[in-house]
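**Q** I would like the entire structure built from these sequences, with the hints used as guidance.
Under UniProt numbering, the first residue of the sequence shown is numbered 1, with each subsequent residue one higher.
The hints are simulated quantities; they were obtained by calculation from the structure and are not laboratory data. It is possible that some hints are incorrect.
Straight-line Cα separation of at most 27 angstroms, BS3-like style, residue types lysine-lysine; simulated pairs [claimed, not checked]:
no. : residue 1 : residue 2
1   : Lys488    : Lys519
2   : Lys555    : Lys566
3   : Lys181    : Lys118
4   : Lys566    : Lys177
5   : Lys178    : Lys558
6   : Lys472    : Lys516
7   : Lys213    : Lys181
8   : Lys442    : Lys572
9   : Lys62     : Lys77
10  : Lys435    : Lys566
11  : Lys86     : Lys56
12  : Lys177    : Lys458
13  : Lys177    : Lys442
14  : Lys435    : Lys450
15  : Lys37     : Lys213
16  : Lys437    : Lys555
17  : Lys466    : Lys542
18  : Lys177    : Lys558
19  : Lys558    : Lys444
20  : Lys516    : Lys504
21  : Lys458    : Lys176
22  : Lys600    : Lys410
23  : Lys572    : Lys444
24  : Lys54     : Lys37
25  : Lys450    : Lys489
26  : Lys56     : Lys77
Predicted, not measured: the structure shown is a model, and the values here were computed from it.
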Amino acid sequence: MQLLCLLLIPLFILATQVSCRIRFSHLGSHYDGTFSKAVSVARTGECTLLAFNKKKIGFRIKVHEEKKTCALLTAFKRFTAPNDTKIRDYILTTSTSNQVCKPYSARNVSEFISGPCKRYRWDCELLEKMRDYCIFVGSDKPDCISSTGVSIEDVECPTGENLAAEQSGKALCCPKKKVFKEVLNDTAICCGPNDNYQQGTGLCCPSDLVHSKSSSGSIGCCPIGRAYVKTVNGVVHCCTVTHPKAVAAEDGYASCCPASYNKLVEAKTRKGPFSHHRLRHLSAWEVRAQLQIQREQRNWVSRQKGTERQKLLYKRTPFVGNIIIVFTMNTAFCLLLLIGCAYACGPLNKIDDVPNPNAGSSTTAPETSTAPESTTTAVESTTTAVESTTTAGGSDKPIAEQITDAETAKSDAQRAVNDAGAAVTELTGKVDQGKAKYEEDKSKLVTVGKKENALQAKAESDAAAKAEEKAKETKAEAETELSKANEKKTEVEADAAATEEQKKDAQNAVDEAQGKVDKATTALTGAEAAASTKKQEFENVKGDLADGDTVDTVKAEKDTLEADIKAHEAQKDALAEAVEAKAKAEEKLEKASEKLVELKNTQQQEQQDQDQDQQQ
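**A** Now the structure itself:
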C-alpha cells in the first residue's frame, strides 16, 4: 500500500502543475458552427490530441450518461449563450498570459486567442475570424456573445480588403491600399491615399484634379481653371470660359466649343479621330491631347500588325514552338514537385514527436498537454523516463550510489525551478507594472496619428492658399495688360491717320488680353475653390493639434511612443520565454522525483528479498 501511494504522489503533483498549462480552454459560451462527425472518447485529453493532429482550434465534448463524444469545429458562425449543461466547448489558447488560470467567471475569449498562431500547426484563418468577430461584437463582452445575433458573415470582408466601419450591423470594407472617407448610402467610400475627396460627393479625384459641379448639378474631376460640363462615352469634358460648351458629333465624339457652336463639322478628307476643321474649336491643351490620342492609336495599330507577324511566324515554325511549350511545361512541373515536397516534408518533421493515442505509454500525455509545445515536451518526458528506468535496471553502480545521484539531480532540478520561478515573478511584476503605461502609450499613438493627419491637412491648406495668391497676382497682371491694350486701342481710334491695319492690330491685342483675363479668372475661381476645400478640411481636424505641435515634435513623440511600446512587448516576450523555461524545469524536477522514488522502491524490494533469504 505504501509503495502504491509513493507511485501516485508524483502523478498527482504532475497533474496539478500541468492543469494551468493546458492549451485548450473551456469556453463560457457555445459555438454556433459546423462540427465533424462525433467520436467516442474516454477523456477530454483524447479530444485535445485529436484536435492537434487535425490542426483544429476548437472542439465540443458532449456527455451521454457516462460516455463522452468529441466533435471538432470545422466552421464558425458566432458565439451563443450556453443552453445545454451536457455540452462543453473548448478553444485553442494561444496566449501565454496567466489569464488561462483565472476563475471560470473571469475568463475572456479574446485573451485566450490574443497570442500568435503558428500556421503550419493550426487553422489560423478560422482563429482570425473569431478575433475579428470578438472585436466587432465589442471588447466589453468577454464571452463575445452578440445581443443582436450578428454572425461572422456580417463581419467578414472579401479577400484583400479590411474592415472600415460598421453600419446597421453590417461590415463596410475598403481595399488594403485605399483610405476610408465616409459612409454614403450604406456604402463605404474608399479613395487612394493621395486622392482629393469632398464630403457628400462619393467621388475620388486624382491629386492633380479638383471637384467641379456642372450647371445641371452633376460633379466631375477637372484640372484647376476648368469647369466640369458632362461625360460623353466615358470621357470627362472640362471646358474653359472661352469654350464652355461640350458639343457631341454623330459618331459620339465630343469637344469643348464656343457657346455659339451647336455641332462639330465633319470633313471629307478626315483621316484621324477628328478633322482639322474641329481643331479650330479646340484649345491648345485639347489639341495636344487629341494629337496624343492619334499617336497612341497609330502605335496600337503598329503593335497589332507586329502581333499578326508574330502569329504568322509561329505558324511557319510549329516545331520550334512545340519545343518551347514542352520545355516550359516540364520546368513548371519540376518546380511544383519540389515545392510540394518541401511543403509536405516540413510540417511532418514537427508532428513526428506527437504521442500515439493508441499506445500504452501515452496514457497521461493527452490529459496533461494539448498544445504543440506541451505535447512535444510530454513525449520527451515519457521517453526520458523510459530510458531512465532501463538505465536503472542495468546500471553497475550500487543502489545506494544511484539513490545519492538521484537526490543530487532532484536538488539541482529544484534549484532550477526556484530560479525560473523567481525570474517569472520578476518579469511578471515588470509587465504588470508597465501594462497601464503600455495601454496609455497605444492610446497616445492614435492621438499622434491624428496630429500627423492634421499637420498634413495644414500643409495642403497652406499650399492651396499660396496657389490662390499666385492666381490673384496672375489675374491682376492680366487686367493691367488689358487696361493698357484698351488705352492703346483708344489712342489708335482717336488718331485720324491710323490705318485699318493698325486698328485691327489694336483690337486683336485687346481680344488677346481679354482672353488672358478670362483664363486667369477661371484659374482663380478654381484656386479659390481648392483653397476653401483644403481650409475646411484643416478646420475639421484642427482640434487634434496642440500649441507648439510641428512635424518634428510630432515625429519625435511618435518615435518615443513606438520605442516604449516595443520595449514593453519585448518584456512580454521575455516573460513568455521565462514561463516556458520554468515549465521545462518543473518537468525535469518531476522526472528526477520519479527516478528517486523508483530507486528507493527498488532498494526496499532488494532489502525485503534479502530479509526473506535470511529467514529461509
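**Q** Would you pick out the hints that fail for this structure and give their numbers low to high?
**A** 3, 15 and 25
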